[in-house]
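Chemist: Following the hints, position chain B against chain A.
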Amino acid sequence: MGLKTGKQVGLAALIAMAAPLVLAYSANGEVFELSSLANLYEGVSFDHDMHIEAVEDNCSLCHHHTAGTPPEDQMCIPCHKDSPEAESPACNSCHLIEPFSSANLSIIEKNPLLHHKMKPGLKAAFHQNCMGCHQETGGPVGCQDCHAMIEKGEKFYNTGQYAPKPGKGTGHH
Amino acid sequence: MKKLNRRNFIKGSLAGGIAAAAAAGKAKKALAAGGDFGGYPDSMGVLVDMTKCVGCRTCEAACNKEQGLPEPDKPFDDYSVFDEHRQGGLPRRTTEKAYTVVNRYNIDGREHPLFRKFQCNHCNEPACLTSCFVNAYTKTPEGAVIYNPKVCVGCRTCMIACPFYVPAYSYSSAINPVVKKCIMCYDTRLKFGRPPACVESCPQGVMTFGKRKDLIALAHEKIGENPGKYVDHLYGEHEVGGTSWMYLSDVPFEKIGFDMHLGKEPIISYVKDFLAIVPMVLCIWPALFTGFHLLSTRKQANKEEPPKA
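In order, the protein sequences belong to chains A and B. For the first sequence, position 18 (counting from the first letter as 1) is numbered 17 according to numbering that gives the first Met the number 0, and the numbering increases by one without interruption. For the second sequence, position 191 (counting from the first letter as 1) is numbered 190 according to numbering that gives the first Met the number 0, and the numbering increases by one without interruption.
FYI, nobody ran anything at the bench for these hints, they're computed from the structure. Keep in mind that the hints are not guaranteed to be accurate.
Below, a list of computed lysine-lysine pairs in the DSS-like style, where the Cα atoms sit at most 30 Å apart [what the hints assert, rightly or not]:
1) B:Lys212 / B:Lys254
2) A:Lys118 / B:Lys210
3) B:Lys96 / A:Lys116
4) B:Lys96 / A:Lys164
5) B:Lys254 / A:Lys109
6) A:Lys118 / B:Lys271
7) B:Lys51 / B:Lys190
8) B:Lys64 / A:Lys109
9) B:Lys298 / A:Lys116
10) B:Lys228 / A:Lys154
11) A:Lys118 / B:Lys221
12) A:Lys151 / B:Lys51
13) A:Lys164 / B:Lys73
14) B:Lys73 / A:Lys151
15) A:Lys116 / B:Lys51
16) B:Lys96 / B:Lys210
17) B:Lys51 / B:Lys64
18) B:Lys73 / A:Lys154
19) A:Lys109 / B:Lys73
20) B:Lys221 / A:Lys151
21) B:Lys298 / B:Lys10
22) B:Lys263 / B:Lys210
23) B:Lys190 / B:Lys210
24) B:Lys190 / B:Lys64
25) A:Lys109 / B:Lys271
26) B:Lys212 / B:Lys298
27) B:Lys228 / A:Lys80
28) A:Lys116 / B:Lys190
29) B:Lys210 / A:Lys116
Same shape as in the complex, but just chain A (with noise of 0.2 Å):
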């Protein structure tokens, strides 16, 4: 029994409107579902527990200096080798979805002390540290074999359900 049916669908409809709020970045267990910047393509399923495995705890490897272990790259230690764990260690609370909006540009116009002037955006972050590395370990670096491709982006690559007819060529170069 429970509770009466009008609290029943009362709370699952308080539920159901919660949902969009976690669900842009939510963490299932410890697979985090990276979709935030999901336009052409499906979300990523992020196995973060795999990978600490992977790299053997070192969390830097990825991560920079932001989880409070001292940075890979030598040109970074003067700085940061004794950088504490950031408040967010998490991609995007430094790699900004819009990296070149006119606000971001501005913002660095703003602050000539800042040395981190044209960090990568988001999409440009993962790929660069996630294909890097798979390159090297033979992980997956085939587009569709992190994310799928959904109808809006065969539109977009004119592939798969909208390619070219064959024979359509113009023959021109």
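Modeler: Okay, now just chain B, sitting in the frame of chain A:
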């Protein structure tokens, strides 16, 4: 014919001298005004880091959609396009259907091929603009070199003038063929301060959008902070007077189709000194040669006058 007495000689010399001085002054002003432009100070630009490009062609797809270009011959995730070559083994070029193309260069000793995105470089002092006699091109303060297809007469002089062979032509149109090229998404994005579609779409962050002068600093910083990684040259910083789109590479630029013999002078420099002298010449030479003619025929003219009684 006036008699060449002392009075007339002095009058003539004074008049000629003033005319010559005026013309010379005008020419000097013209020469001075034709100084180097160097681009608008706050113009935007794009830095292309070719060490990051993996040849996914997302930028080509993004351009196609943003500019409303026709359907391509092959899907954008078809990489057999990298094997297409034109006469002479040249890689793909921009066309009326593709304002940007990515080409692959296989480099000995490099683990992966190098991919180069090719499109209009949006020069500070564009040769296309210089050569266009109907003034169809404009160098905008935002940095983009745009054109008005309605003004274009389809003469293709800009295609010859461009040192990078960028402008494409709508050969498919019989009635009204015009020139076609990348406009840095000016109408839909740059005007509003947003980066071009290709820059935003790139998954690898190959392209960085910002003020041209900041990008130059960033590029040299990257070269310095990654010793041995990049060739110590920012292509487009000085070439043909500077371009808004600049390139970093880990492979010598001449190996990947970049012309290293363009020099630092904008193309207009090869013609503007000559053109500035034209007004002066048109003023002085007629007067000068008329004077010579009259002087040399003076004797006959005097003989023809009937002797005064």
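Chemist: Does each hint fit the structure? Answer for all of them.
Modeler: How the hints compare with the structure:
1. B:Lys212 / B:Lys254: holds (27 Å)
2. A:Lys118 / B:Lys210: holds (15 Å)
3. B:Lys96 / A:Lys116: It is violated: about 36 Å lies between the C-alpha atoms, which goes past 30 Å.
4. B:Lys96 / A:Lys164: holds (16 Å)
5. B:Lys254 / A:Lys109: violated (40 Å)
6. A:Lys118 / B:Lys271: Since the Cα atoms of A:Lys118 and B:Lys271 sit roughly 42 Å apart, the hinted pair is violated (cutoff 30 Å).
7. B:Lys51 / B:Lys190: holds (28 Å)
8. B:Lys64 / A:Lys109: violated (34 Å)
9. B:Lys298 / A:Lys116: The hint is violated at about 81 Å.
10. B:Lys228 / A:Lys154: violated (37 Å)
11. A:Lys118 / B:Lys221: holds (12 Å)
12. A:Lys151 / B:Lys51: At roughly 25 Å apart (the allowed maximum being 30 Å), B:Lys51 and A:Lys151 satisfy the hint.
13. A:Lys164 / B:Lys73: Holds, because 9 Å separates the two Cα atoms, which is no more than 30 Å.
14. B:Lys73 / A:Lys151: holds (18 Å)
15. A:Lys116 / B:Lys51: The given pair, whose Cα atoms are some 18 Å apart, holds under the 30 Å limit.
16. B:Lys96 / B:Lys210: holds (29 Å)
17. B:Lys51 / B:Lys64: It holds: about 23 Å lies between the C-alpha atoms, which stays within 30 Å.
18. B:Lys73 / A:Lys154: holds (13 Å)
19. A:Lys109 / B:Lys73: violated (45 Å)
20. B:Lys221 / A:Lys151: violated (36 Å)
21. B:Lys298 / B:Lys10: holds (20 Å)
22. B:Lys263 / B:Lys210: Measuring from Cα to Cα gives roughly 21 Å; hence the hint holds.
23. B:Lys190 / B:Lys210: holds (14 Å)
24. B:Lys190 / B:Lys64: Roughly 18 Å separates the two Cα atoms, so the pair holds.
25. A:Lys109 / B:Lys271: violated (39 Å)
26. B:Lys212 / B:Lys298: violated (68 Å)
27. B:Lys228 / A:Lys80: holds (24 Å)
28. A:Lys116 / B:Lys190: Holds: A:Lys116 and B:Lys190 sit about 23 Å apart, inside 30 Å.
29. B:Lys210 / A:Lys116: holds (12 Å)
In this structure, the hints that do not hold are numbers 3, 5, 6, 8, 9, 10, 19, 20, 25, 26, in rising order.
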